[in-house]
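Given chain A, put chain B in place with the hints provided.
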Amino acid sequence: MKKMFIFLIVFLISGFSGICSAQAAELDGTAILSQVDKNLQPQSYEMYRKLINIEPDGTKKEFVLYSVKKGQDKMVALFLSPASEKGRSTLRLGDNMWLYIPNVGKPIRITSLQSVVGGVFNNSDILRLDYGSEYDALSIIQEGDAYLLELKAKTNAIAYDSLKMWVDVKSVVPTTIECYAASGMLIKTLYYKKNKDFGDGLVRPSVLETDSPLYKGYKSVMIYAKIQKKKLADEVFSLNYLARVDELR
Amino acid sequence: MIEASLSVAQEEFSFNLEEFEKKSLSWGGYAEIKLAHAKVNKNSAFALLDSHGNPRVSLDRFTATLQLDGNYNKEIVSLNWVVQAYGSRDQEQWADEASIFEAYASIKPTPLASIDLGKKVFKWGKGYAWNPVGFINRPKDPNNPEESLEGYIGASLDLIKSFSGPLQTLALTTVVLPVQDNINEYFGAPDNVNLATKLYLLYQDVDIDFLLFTGNSRTTRYGFDFSTNLATNFEIHGELAHTPRQSRKTLNADGSVEIQEVADTSYLLGLRYLTENDITFIIEYFHNDDGYSEEEQDSFFHLVDDADDLFETTGDNSLYTKSASLSEGGFGRSQSGRNYLYTKITLKEPFDLLYLTPGITTIINLDDNSFSLTPEAVYTGFTNWELRLRFSMLAGSNFTDYGEKQNENKLELRVRYFF
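Which chain is which? The protein sequence lines are A and B, in order.
Its first residue numbered 1, the first sequence is counted upward by one per residue in the working numbering.
Its first residue numbered 1001, the second sequence is counted upward by one per residue in the working numbering.
Just so you know, nobody snuck in bad clues.
In silico lysine-lysine, DSSO-like type, Cα no more than 30 Å apart, as pairs:
#1 A/Lys230 / A/Lys196
#2 B/Lys1074 / A/Lys229
#3 B/Lys1123 / B/Lys1108
#4 B/Lys1123 / A/Lys70
#5 B/Lys1348 / A/Lys61
#6 A/Lys70 / A/Lys170
#7 A/Lys231 / A/Lys86
#8 A/Lys193 / A/Lys152
#9 A/Lys86 / B/Lys1034
#10 A/Lys106 / B/Lys1034
#11 B/Lys1022 / A/Lys61
#12 B/Lys1022 / A/Lys86
#13 A/Lys106 / A/Lys231
#14 A/Lys188 / A/Lys61
#15 A/Lys226 / B/Lys1023
#16 A/Lys38 / A/Lys230
#17 B/Lys1249 / B/Lys1322
#18 A/Lys229 / B/Lys1023
#19 B/Lys1074 / A/Lys106
#20 A/Lys196 / B/Lys1022
Worth flagging that the hints you see were computed from the coordinates, not collected in a lab.
Same shape as in the complex, but just chain A:
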């Protein structure tokens, strides 16, 4: 009876540790990252966002954008407000980005680290592609109710050299992302907040906040009001179409 009891204990312990090691082996950063992308946005969709830049004294400046995205590397954003920015549109095709200003009348190439709105969000934040299309998962560990992914940019054309991404285990959406330069300097921190049901099975954060040690006291906020699937022709994502983006609404 005593031997049988010891055998049972050993069996249970070894079984439990086996389950634990199996769980650890199942933690696949690439798969989690892919799920994060899937949970944040459909493959082809339209979206309305408000960007708010908040200065240390509380002064605010707001921008409203309409965006469409298709596949992993095509995105367009159109400014609807304020009047001084209305009609401006930005296009991203992979690592290429252009800005169209109605008065200027022709698209000009811009870079991912610049910001067409000022404040802490730069162009790559506004025209963000899937994380999995830009970054490789180097490692993943579980910290309580969050996964911590260490991500490395696939090429040096990506705005941030590396990311530390905390992902909520239950909802598999990011909660905090630290963005680093190649030198190891922290450029900014992104905070995803307020999960919301956008319909059609899409439940994701509706608010993205950011701050940066480079902009002490400043804060920028992005509010997502509508994200829905939309069929889009590839030709929508071309320089010749930039003046026509409003027709998609």
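Coordinates of chain B only, in the frame set by chain A:
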């Protein structure tokens, strides 16, 4: 109603999408006032030419401008317009003008094709300050390259096709541009129908255009341009334009005026570079084959000098008349020389001052080393307001491009309100 809200530092933000629902009629624009004080270069060729030997010491000008733009959409058709009116007052005169910059109908049956009919602006080319391949562009002011310009009346067809692979986009734009007595009369010789076409490729992350203009209003010309990013913060671009036959009015050393027929190959090379601390450099070298050499410009400036002497001593203004004709024929263009270097340096939001962008622009005539230098500061911190303070100074020895411009320096404040 779709609404989202959040609290940041005890502050409540709301986002009411109903405010941004698409409407059939959309309109906007800006109102602007500009105050300028210019110190006149009293002995310069263009000051003498403008006043027949009696230029002012300085000129103060107030300008008010209103621009309205908008569109009306109904299914696959949209009507688009941009109109501008201004009035300006200085010690010399009052001037005003209202212009229709654009007024055209756009028919868009699919995302792959669109047809535009009416008056429309074309801004072809990749250059920031100059566009030698802009065969149907209105010439822009390198000191204000982002301002609205007036279009031409015509019809255009735009076709786009996207691909997967190294060739990502192919687009063909074809423009038919008639020139009659009251239609596009400033474009060139009347009673002709001209054709301009641009083939665009996005090939392996490089923007490439092949351009052609043909018709009898201007001579046939061919162009090529490109633009690409070498790194996330480093862009290069270039343009090449060739005109096999081009008429050119010039001044011989003996004072005679000659119409020459020449082949013209102009080109531009440029870059944009963003440093880690948010300083943007735009640098462009422009070879203007159609421009005048240092010797030709020198002859023209001496002619104006002689015109002034003749007028002062005898009252005879015949040389002034001849100089004015040559000025209109090409010497009076804002950049009439052969080789220029443009540099614009802007620093975004220095010392954590959000929405403030100080900058400095220089344009150097590389043949005679004369130049313009323009420091400025732009502030956009108040929603829908833009404030720009700019000081321009022009420098060069006698008988050089910038040494003979009308103004020695100019201080300008521009306040623009968008609605």
